[in-house]
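J.: Protein sequence lines, in the order shown, are assigned to chains W and U. FYI, the numbering for the first sequence is 1 to 166, going by my numbering. FYI, the numbering for the second sequence is 1 to 111, going by my numbering.
Heads up, some of the hints might be wrong.
[To be verified] Restraint-style ranges between C-beta atoms, simulated for each label pair: (1) W:Q90 - U:I79: 23 to 31 Å; (2) U:L109 - W:I157: 32 to 40 Å; (3) W:L149 - U:E105: 43 to 51 Å; (4) U:R96 - W:A106: 41 to 49 Å; (5) U:G99 - W:A108: 24 to 32 Å; (6) U:L109 - W:S124: 19 to 27 Å; (7) W:G96 - U:V106: 20 to 28 Å; (8) W:W114 - U:N97: 44 to 52 Å; (9) U:L109 - W:I47: 27 to 35 Å.
It should be emphasised that the hints constitute simulated quantities derived from the structure, not laboratory data. By construction, the Cβ of each residue, glycine as well, lies at the ideal position given by its N, Cα and C atoms.
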Amino acid sequence: MTIAQVIFYLFAALAVGGGLGVVLMRNAVYAALFLILSLLAVAGIYILLASEFLALVQILIYGGAITVIFLFALMLTRVADLSESLIGAQWPLAAGASALLMGLLATAVATSDWPGDAAGEITSIPFPVLGEALFGQWAAPFEIASLVLLVALIGAIVIAREEEGE
Amino acid sequence: MEEARSVAQQIPLEHFLVLSAILFSLGVYGVLTRRNAVLIIMSVELMLNAAAINMIAFAAYTAPDRFIGMIFAIFIITIAAAEAGLALAIVLRLFRNQGTANVDEVDELKW
């Protein structure tokens, strides 16, 4: 086994283990902490695929910002002491459905012929090239994405705000 | 000569796709079983991450010089951030109005 393979399987196991923790943990705060583990492991996979920029974005936005929002939401909605109501009664059915979905996806992956399997080097994209593409060729989607973020920001404030009448 | 081989030759593309499929299925399971709205959104984040892994893997293996998959993944993360902020604001509002974040108890569509 080469070093790259060891790293891949290590991070893949961490990501899947973290994902299992997210969906199985009886304590909501532990589930949020397992989500951080899973997201950081995915960042490691990105580095393995020579996408350092995306790994940094993943750690900053997912590992930092989004999980902190989750922990704040858990704190504000006080669910940590309601642990028995976290998992619904229909979990065997859901487990069967998701296992079936995973089997289908894995079969599709295994039986398909993927192009570029024997591709040579995975080249790392330099940050300046990525930035030029993002602000040149992809400028319109970039602007729309910033608009979406602005709308989400305003919307979140309006929705979560305390009204005088309440 | 082991070291001279690239990552692409050591790990087939399928392994990344299977990892992504496992994470996506875990997310589906979480969305179906979790009863707390915050935990459902956490499972949705798992599914979004699985999709992003797919994008990156295809970008790296099939068109490494055009990195369109990377751009897509950046937009996925942007949308995920917006989605998490908005959804958690809605959950907070729900909790304030109904006193619960349990989706089984919130089935009236109006109040």
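J.: Look at each hint and say if it fits the structure.
T.: Structure-based check of all given hints:
no.	hint	verdict
1	W:Q90 - U:I79: 23 to 31 Å	29 Å, holds
2	U:L109 - W:I157: 32 to 40 Å	24 Å, violated
3	W:L149 - U:E105: 43 to 51 Å	32 Å, violated
4	U:R96 - W:A106: 41 to 49 Å	43 Å, holds
5	U:G99 - W:A108: 24 to 32 Å	44 Å, violated
6	U:L109 - W:S124: 19 to 27 Å	50 Å, violated
7	W:G96 - U:V106: 20 to 28 Å	26 Å, holds
8	W:W114 - U:N97: 44 to 52 Å	49 Å, holds
9	U:L109 - W:I47: 27 to 35 Å	45 Å, violated
Figure legend: structure checked against the earlier numbered hints; hints not met, in rising order: 2, 3, 5, 6 and 9.
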